[in-house]
Amino acid sequence: MTSTAIALHQVNKIFANGTVALQGIDLTVRKGELVSLVGPSGCGKSTVLKLMAGLATPSNGYLEAPAVAGDRDLAFVFQDAALMPWATVLDNVHLPLKLKGQSLRACRSRLQAALNLVALQGFEHSYPRQLSGGMKMRVSIARALVTNPHILLMDEPFGALDEMSRSRLNSELLQLWEQYHWTVVFVTHNIYEAVYLSNRVVVMAAQPGRIVADVPIEEPYPRDENFRTSPQFNQYCRDIAHQLAVGNPVPMSPSAPPSILTS
Amino acid sequence: MILKEPQPSRVNAQGRPPAIAPAPKFARWWSEIARPEVLAPLVVGLLVLLLWEGAVRWLAVPPYLLPGPLLVLQTLIEEWSELFPSLLVTLLITVLAFLAATISGLLLAVLFAQSKWLERSLFPYAVILQTTPIVAIAPLIIIWFKNNTFAALVVCAWIVALFPIVANTTLGLNSTDRNLQNLFQLYGASRWQTLWHLRLPSAMPYFLGGLRISGGLALIGAVVAEFVAGTGGARSGIAYQILMSSYKLQIPRMFAALAMTTVLGVLIFVSLTWLSDRLLRHWHESALQREN
Numbered sequence: 001m002t003s004t005a006i007a008l009h010q011v012n013k014i015f016a017n018g019t020v021a022l023q024g025i026d027l028t029v030r031k032g033e034l035v036s037l038v039g040p041s042g043c044g045k046s047t048v049l050k051l052m053a054g055l056a057t058p059s060n061g062y063l064e065a066p067a068v069a070g071d072r073d074l075a076f077v078f079q080d081a082a083l084m085p086w087a088t089v090l091d092n093v094h095l096p097l098k099l100k101g102q103s104l105r106a107c108r109s110r111l112q113a114a115l116n117l118v119a120l121q122g123f124e125h126s127y128p129r130q131l132s133g134g135m136k137m138r139v140s141i142a143r144a145l146v147t148n149p150h151i152l153l154m155d156e157p158f159g160a161l162d163e164m165s166r167s168r169l170n171s172e173l174l175q176l177w178e179q180y181h182w183t184v185v186f187v188t189h190n191i192y193e194a195v196y197l198s199n200r201v202v203v204m205a206a207q208p209g210r211i212v213a214d215v216p217i218e219e220p221y222p223r224d225e226n227f228r229t230s231p232q233f234n235q236y237c238r239d240i241a242h243q244l245a246v247g248n249p250v251p252m253s254p255s256a257p258p259s260i261l262t263s
Numbered sequence: 264m265i266l267k268e269p270q271p272s273r274v275n276a277q278g279r280p281p282a283i284a285p286a287p288k289f290a291r292w293w294s295e296i297a298r299p300e301v302l303a304p305l306v307v308g309l310l311v312l313l314l315w316e317g318a319v320r321w322l323a324v325p326p327y328l329l330p331g332p333l334l335v336l337q338t339l340i341e342e343w344s345e346l347f348p349s350l351l352v353t354l355l356i357t358v359l360a361f362l363a364a365t366i367s368g369l370l371l372a373v374l375f376a377q378s379k380w381l382e383r384s385l386f387p388y389a390v391i392l393q394t395t396p397i398v399a400i401a402p403l404i405i406i407w408f409k410n411n412t413f414a415a416l417v418v419c420a421w422i423v424a425l426f427p428i429v430a431n432t433t434l435g436l437n438s439t440d441r442n443l444q445n446l447f448q449l450y451g452a453s454r455w456q457t458l459w460h461l462r463l464p465s466a467m468p469y470f471l472g473g474l475r476i477s478g479g480l481a482l483i484g485a486v487v488a489e490f491v492a493g494t495g496g497a498r499s500g501i502a503y504q505i506l507m508s509s510y511k512l513q514i515p516r517m518f519a520a521l522a523m524t525t526v527l528g529v530l531i532f533v534s535l536t537w538l539s540d541r542l543l544r545h546w547h548e549s550a551l552q553r554e555n
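Protein chains in written order, with the numbering used here: chain A, 1 to 263; chain B, 264 to 555.
Be aware that a few hints might be false.
What the hints assert, rightly or not - Okay, derived cross-link-like pairs now, DMTMM-like style, lysine to aspartate or glutamate, Cα gap no bigger than 25 Å in a straight line:
| id | chain 1 | residue 1 | chain 2 | residue 2 |
| --- | --- | --- | --- | --- |
| 1 | A | LYS50 | A | ASP26 |
| 2 | A | LYS100 | B | ASP440 |
| 3 | A | LYS98 | B | GLU342 |
| 4 | A | LYS50 | A | ASP73 |
| 5 | B | LYS511 | B | GLU342 |
| 6 | A | LYS50 | B | ASP440 |
Claimed, not checked - Where chain A lies over chain B, by a calculated footprint (3+ residues, C-beta under 8 Å):
| id | region |
| --- | --- |
| 7 | 309 to 321 |
| 8 | 450 to 464 |
To be clear, the hints were calculated from the coordinates, so they are not data collected in a lab.
Small disclaimer: the values here were computed from a predicted structure and weren't measured.
Positions of the beta carbon are idealized from the N, C-alpha and C atoms, including for glycine.
Kindly generate the complete structure, drawing on both the sequences and the hints.
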């Protein structure tokens, strides 16, 4: 739990149009940690993940990723599942290995294992359109797990799901995480989800995107349903909501437009 | 005006649940035909033909001005041995031009997709090719290919059919889902892997849409070029028959040839639609049956 898995050091990200997306980001994620990033839209939490994944490069500062030796050590789960609609569940999960030149037959057992992990056995030959939102997300997670990554970057993975699917997938993700000890960076706008899952919740603010608080959740795992209704849980949520409100003040003067219109 | 052919169903039969008991062939065929989207145009067509026949008889219109549909049908049967081979010549020109347009259009679109600069510099010329009236340049092309009119006709039809495929496929190749692009990048996919496994499948519905437009255009291009060529001899297409019939004031024969051309166009469209539905039936909205 001590060595660094992935870290950003004094990172700024300025988009081509001049927008300062991130300013002075210092974030160290240790091996085996589950860290959530919460913040309003436009605070750059997805950009942090993209920088960590190498899908974008920092304008200043640097990325330290000692846990990432090859491109299989890191997996990304996108918000809308990002499945290929023309391919079956099996073919979608096969994709990362196919791009490495492994035939379907050669890695069939690994694919099956990944599908079993997310309880999708029996749906191998279904097409994404035949699946519910929650099941699509499971496929997406299976695809991420099939390469046995060390680091899992998740960009609002359950944001589009209904509350019941969300909490179910939360519990399943936690179980898998306790079993496999991945390092997870989890972006969400849902405080409850962040508190329930994480070792640490990193609170961000917008304009410019920056980190305003880093709240450790000192609750032992496994966390069960009782934690969700406990007073500590509520205390954490209130705390983080407060940090969010301090970091992202709503302008009160009548002359200034409400922030919802400007952001 | 034109003979109405029964409109085969546009909706694929694959997506529907199987019948409870294995129905006899005729019953299945009947349930396929007896649907509003098939019956309605059929009824309209029959009504128009009836009105047309009635009007021609009632007003005693001479057949060299407007033949009734029955006379057209009769002429079609009588002249079949002469008209049908001509139709096959036109069909051959159309198919060759369409295949050429499909392959060259796809290759051009893939080329455009490789670099924004290539697309920017070449796309305007594809537009120019499209906007140049084929009637105006057909004589020139026929002169260039002076020993081979057939090839000249194929080239004319190809020019007309090319653009929709290039334009649609280019659009499709550029409309790939951004997250999937990121995913491919993350797993270190090569340019060709991305093209083959991501961009081409994404472009498939657009490409097939282009094919549906181009199929009809290839036929039109072939007919127009044949009109300009006015070619005689063994390889004379259906447009030649239309021309000759009108010169000789054999108007019923002209109508019969015209009807054949139209039916051929409809058949081309229907078969391309069928192909498209078949290829996309598992995943694309355009080929899915409505659930409500």
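Item to complete: Sort out which numbered hints this structure fails and list those numbers smallest first.
Response: 3, 7
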